[in-house]
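Given the structure of chain A, go ahead and fit chain B onto it with the hints provided.
Okay, here's what each chain looks like letter by letter:
Number of protein chains: 2
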Amino acid sequence: MTGCSDLSSVWEELVRDGGRIVYLVLDGAGGLRDRTTGKTALEMARTPNLDRIMRQSACGLLELVGPGITPGSGPGHLALFGYDPLHYRLGRGVLSALGIDFDLREGDVAARVNFATVDDAGRITDRRAGRLSSETNRRLCDQLRKAVQLDFDGTWFLETVAEHRAVLVLRGKGVADEIRDTDPQATGVPPRAPQARTDAAQPTAELVRAFVNQAHDVLADEAPANAVLLRGFQRHAPLPSLQERFGLRGLCVAQYPMYRGLSRLLGFEVADAPHSLDASFDLLARRYGEGHDFCFLHVKGTDRCGEDGDFQGKVAVIEDTDRRLSDLLDLQPDVLVVTADHSTPAAMAAHSWHPVPVLIHAASARADGISHFDEYACRGGGLGLRPGLHLMGLALAHAGRLNKFGA
Amino acid sequence: MTGCSDLSSVWEELVRDGGRIVYLVLDGAGGLRDRTTGKTALEMARTPNLDRIMRQSACGLLELVGPGITPGSGPGHLALFGYDPLHYRLGRGVLSALGIDFDLREGDVAARVNFATVDDAGRITDRRAGRLSSETNRRLCDQLRKAVQLDFDGTWFLETVAEHRAVLVLRGKGVADEIRDTDPQATGVPPRAPQARTDAAQPTAELVRAFVNQAHDVLADEAPANAVLLRGFQRHAPLPSLQERFGLRGLCVAQYPMYRGLSRLLGFEVADAPHSLDASFDLLARRYGEGHDFCFLHVKGTDRCGEDGDFQGKVAVIEDTDRRLSDLLDLQPDVLVVTADHSTPAAMAAHSWHPVPVLIHAASARADGISHFDEYACRGGGLGLRPGLHLMGLALAHAGRLNKFGA
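Just so you know, the sequences run in chain order A and B.
Every number in the working numbering is 1 more than the matching position in the first sequence, counting from 1.
Every number in the working numbering is 1 more than the matching position in the second sequence, counting from 1.
One should not assume that every hint holds.
One copy or two, either will do: identical chains are not told apart, so a pair holds if it fits within one copy or between any two.
[Stated by the list, open to error] Only pairs whose alpha carbons sit at most 30 Å apart, straight line, appear in this in silico DSS-like list of lysine-lysine: (1) 40 x 405; (2) 301 x 405; (3) 174 x 301; (4) 174 x 147; (5) 147 x 405; (6) 40 x 301; (7) 40 x 174.
Treat the hints as calculated values from the structure; they're not laboratory data.
Pulled out of the complex, with its shape left as it was, chain A reads as follows:
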């Protein structure tokens, strides 16, 4: 049931040119049954268009990363795109940079930054500086960019993410990522001094030490945001692209930077951020004519409502999405996949490990004749319960993009 990393390399061997694939990913759409209604959001939603294509689709359940493993948005999508998330690890620093659409380059070292509060004795009292506003965050980042002087053969960037979160990026010859977190992830203790895990990382550790010390001088009077905590240092090594691996020229249509950043990482062409769900569908319809092999349309609302514990809101987003489904069918992709990158049960108000439903609509699909798209109906589907990693192989096959294995 786990994605074994050698599976996707077999698809790479067999790849040939073929039809067009569209992924409609409803972020966090999977869930649990609601106490009052006794249904999951997907069971509850009136989805006439999904119901119609379900009858001609193969369906089942995907366990995105592994049993009991709750996927972050990064790993969940990597699995859907055919990248074993246990093999391709994305650090917090890199994900933070991707999450703000930062143009990360090969060799850049990124780290997640928290603005935090320390007391007179230098002990951390709040690791999130009272979740300060993003505006304050931007002002402080400006100040630091102006005041801090780092003496090395390269450049550095400090960018606001949101609230107390920012990202530090070091770009230059020989910057290394073997740096311990300065964030002890606890209060009542001082931040840790930046330390190198290897000799090669000593100069970078010096650099980080200089940044932290100067930052603390600049922030001295900025309580509650009078300190910075760094964690998740990672050197950015580009992943093999979707085109290199599977011969797919990808197009990403997503409102949120994190998903655009991840798609860029995999070599997708990334469309400008649409401002709404409807705008997303319109944008895909407009760009579809450009002939990309693989189009990824991301719907964030399902996850956002799940995180907020808003069951009815989640139902509404699913129904809004269903209304636009016919627009996707009008594009007549050879393969249309509808699924999610993980569950986000409103009852848990958080991501969860529960498997998500998946449908594959294609001429070669072994249609299950199941009439609704949800976590329960799809238990009976012919795709069974499988690792999220399997999806890409099935999508490629239904698009006629995989040669026979062996003579």
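Same frame as chain A, now just chain B:
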């Protein structure tokens, strides 16, 4: 559908503190449909309490070790506890020692001993010496302990297991386990001479040769038990504990030494052997207050009846267990798992490879609404058919003990 051995290491990365888990393991509970009743023992059993919790539980089937692989009790339980049985191999010698509650130490070399019958020409005529009584076995072990002199810097133990089976343990500096079996596992041929597989094992091979030769002198007039056959030499290396790996302080409540031994091997606290099924439930209820994170209650009767081909007896044990199930629910564990370590169909009177039903009862369980706990009803469960190894990851997740994977 294969259990990738690196999965459990991902759980290790993600482990945090959380709720309490109870495993109720009905040994060998899985089975086949009985010719006369047309039902499996689980289908046949009246289990009102199991039926009740099934409606609020996620269920499915576990293939403990792998397709077609019939698990011994050791591997079956290792899988349930999150230890890949294909990776963590327990030799027959070590298992025999564990099976009699022998306090095996790191570095001990254990081997399985059979009392056997050889003819005047020294050829084996019966590898089990007519399945001599355990009493006789004990008498012969006493004699051998007194008479045999092994000259080495250490101590040795010879302990009765049951009937014709005993275990030899060598404890001392440099004892090695690269020793070939002396048991040819055939009759009409003489026992093999103990041979070392490596130079380092030569001294140990000498030691074993001395043991065998002296034993045969002592047993010369003890026909049918006039010879010993040794196999499964294994050096005992402790396994990483359940606490090290998953942060779980375990408690084992089991009547049979084999299960207590295995639990001790994994660092569980092991309660004194209860004398009955009811005593097992009472004991767990009494010890539960001590706040262990993971409680393992083992029911042996289902397997024993299966091995005896006693279908009705197996049904009765399942019903007796069901009567006490409410006692487990009264403890209000965050996660209650009911399953088996393998199938033991009465029709086969032996362990088998057939998948076993499993239920997970927890607040976050995606309830399947299936109303009976058996091999057939659980096919429709949302957990699907999965490797036994997956269970621990799911149990940890439902107990809130796994962090999100990736940002």
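Do the hints match the structure? See the list:
no. : hint      : result
1   : 40 x 405  : between (42 Å within a copy, 25 Å between copies)
2   : 301 x 405 : between (37 Å within a copy, 19 Å between copies)
3   : 174 x 301 : neither (38 Å within a copy, 63 Å between copies)
4   : 174 x 147 : within (23 Å within a copy, 67 Å between copies)
5   : 147 x 405 : neither (59 Å within a copy, 36 Å between copies)
6   : 40 x 301  : within (21 Å within a copy, 39 Å between copies)
7   : 40 x 174  : neither (55 Å within a copy, 64 Å between copies)
This entry does not satisfy hints 3, 5, 7, going by the numbered hints stated previously.
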